[in-house]
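*Asks:* Now for the letters of each chain:
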Amino acid sequence: DTGVSQNPRHKITKRGQNVTFRCDPISEHNRLYWYRQTLGQGPEFLTYFQNEAQLEKSRLLSDRFSAERPKGSFSTLEIQRTEQGDSAMYLCASSITTGGYYGYTFGSGTRLTVV
Amino acid sequence: AQSVSQHNHHVILSEAASLELGCNYSYGGTVNLFWYVQYPGQHLQLLLKYFSGDPLVKGIKGFEAEFIKSKFSFNLRKPSVQWSDTAEYFCAVNSGYALNFGKGTSLLVTP
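Chains as they are written, first to last, in the numbering used here: chain X, 1 to 115; chain Z, 1 to 111.
Check each hint, because a few of them may be wrong.
Claimed, not checked - Incomplete in silico selection of chain Z near chain X, CB under 8 Å:
1) Y39
2) P40
3) H43
4) L44
5) K61
6) G96
7) Y97
8) A98
9) L99
10) F101
11) G104
As the list claims (entries may be wrong) - Derived CB-CB ranges, DEER-like:
12) Z:G53 <-> X:T13: 44 to 50 Å
13) X:D63 <-> Z:S80: 46 to 52 Å
14) Z:H9 <-> X:P8: 29 to 35 Å
15) Z:Q82 <-> X:N51: 37 to 43 Å
16) Z:A17 <-> X:Q84: 36 to 42 Å
17) Z:P111 <-> X:I96: 36 to 42 Å
18) Z:S80 <-> X:N18: 46 to 52 Å
19) Z:P111 <-> X:G3: 44 to 50 Å
20) X:E83 <-> Z:G53: 43 to 49 Å
21) Z:Q82 <-> X:Q54: 39 to 45 Å
22) Z:H7 <-> X:T20: 37 to 43 Å
23) Z:W83 <-> X:G72: 39 to 45 Å
24) Z:H9 <-> X:T113: 37 to 43 Å
Since the hints were derived computationally from the structure, they do not count as laboratory data. Just so you know, even glycine gets a beta-carbon here, dropped at the ideal spot from N, CA and C.
Construct all of the structure, not just a fragment, from the sequences and the given hints.
*Replies:* Dropping the structure here:
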């Protein structure tokens, strides 16, 4: 168990470009979450997958954002036509539930800077 | 909608001082409550969690939290802080599949 892995760790992009982040959850975890964290704020929920199904999306996830989890393993988060307001730390977390709620394991995040 | 309020945004303590960080939530149903810690340059880590049962929950590194249902509170405590406790602390409550986080409390422990 190597924890939740996120790549890249840092991404600087020009406004209007597309970016894609990857998250590899803990292998036996069937649930995967994306959060966004800006300076001085706690993490804000973006979306949630159970296996390959995207079950919940926050209103924060505009049409420019899309997330996938093919085959229920790793996940990608794509932001199209990036804006300066997208600059944030993007966090991935995973969990497993067998009849209970056990909390998440977070990755180290991908820091996005849009210039 | 659920919300989480952390009262103290910045706390500075000397080593060996006692710590209490406030957390209040607004939600009328059954809740699961969490405290996460983020050490400088590291990812969020779970300190402790409350699902049910004994309202006094013990976590890692000597931290504990008390769930007081009547006050909608889940305050974090530690009797004697160490310099290594310098970190950002986040209270969170579950909302369906998601966690709602407070804005965090930045704790600085001075030698």
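*Asks:* Would you mind marking each hint as holding or not holding in the structure?
*Replies:* Hint by hint, here is what the structure shows:
1. Because the closest C-beta pair between Y39 (chain Z) and chain X is about 12 Å apart, greater than 8 Å, the hint is violated.
2. Because the beta carbon of P40 (chain Z) sits about 12 Å from the nearest beta carbon in chain X, more than 8 Å, this interface hint is broken.
3. Among the interface hints, the one on H43 (chain Z) holds; its C-beta lies about 4 Å from the nearest C-beta in chain X, closer than the 8 Å criterion.
4. Here the hint on L44 (chain Z) is kept, as its CB sits about 4 Å from the closest CB of chain X, short of 8 Å.
5. The interface hint given for K61 (chain Z) is violated, since its Cβ lies 16 Å from the closest Cβ of chain X, which is over the 8 Å cut-off.
6. Because the closest C-beta pair between G96 (chain Z) and chain X is about 7 Å apart, less than 8 Å, the hint holds.
7. Interface restraint check for Y97 (chain Z): the shortest CB-CB distance to chain X comes to about 5 Å, inside 8 Å, so the restraint holds.
8. For the restraint placing A98 (chain Z) at the interface with chain X, the shortest Cβ-Cβ distance is roughly 4 Å, inside the 8 Å limit, so the hint holds.
9. Below 8 Å, beta-carbon pairs count as interface contacts, and L99 (chain Z) has one with chain X at about 7 Å; its hint therefore holds.
10. The restraint placing F101 (chain Z) at the interface with chain X holds, with a minimum CB-CB distance near 3 Å, inside the 8 Å limit.
11. For the restraint placing G104 (chain Z) at the interface with chain X, the shortest Cβ-Cβ distance is roughly 5 Å, inside the 8 Å limit, so the hint holds.
12. Look at G53 (chain Z) against T13 (chain X): about 47 Å separates their beta carbons, and that is inside 44 to 50 Å.
13. Taken as a hint, the range 46 to 52 Å holds for the pair D63 (chain X) and S80 (chain Z), whose Cβ atoms sit roughly 51 Å apart.
14. Here the CB-CB span from H9 (chain Z) to P8 (chain X) is close to 30 Å, well matched to the stated 29 to 35 Å.
15. Checked against the given bound of 37 to 43 Å, the beta carbons of Q82 (chain Z) and N51 (chain X), roughly 41 Å apart, stay inside it.
16. A hinted range of 36 to 42 Å holds for the C-beta pair A17 (chain Z) and Q84 (chain X), which are about 41 Å apart.
17. Between P111 (chain Z) and I96 (chain X) the beta carbons are some 40 Å apart, a value that agrees with the proposed interval 36 to 42 Å.
18. As the Cβ distance of S80 (chain Z) to N18 (chain X) is approximately 50 Å, the hint placing it in 46 to 52 Å holds.
19. Our hint of 44 to 50 Å for P111 (chain Z) and G3 (chain X) is violated, since their Cβ atoms are close to 31 Å apart.
20. Between E83 (chain X) and G53 (chain Z) the C-beta distance comes to about 46 Å, which sits within the given range of 43 to 49 Å.
21. Between Q82 (chain Z) and Q54 (chain X) the beta carbon distance is about 42 Å. The supplied range of 39 to 45 Å therefore holds.
22. Distance hint check for H7 (chain Z) and T20 (chain X): the Cβ-Cβ separation is about 38 Å, which falls inside the suggested range of 37 to 43 Å.
23. For the hinted restraint 39 to 45 Å between W83 (chain Z) and G72 (chain X), the CB-CB distance of approximately 42 Å keeps it satisfied.
24. Checked against the given bound of 37 to 43 Å, the beta carbons of H9 (chain Z) and T113 (chain X), roughly 24 Å apart, lie outside it.
The structure shown violates the earlier hints numbered 1, 2, 5, 19 and 24.
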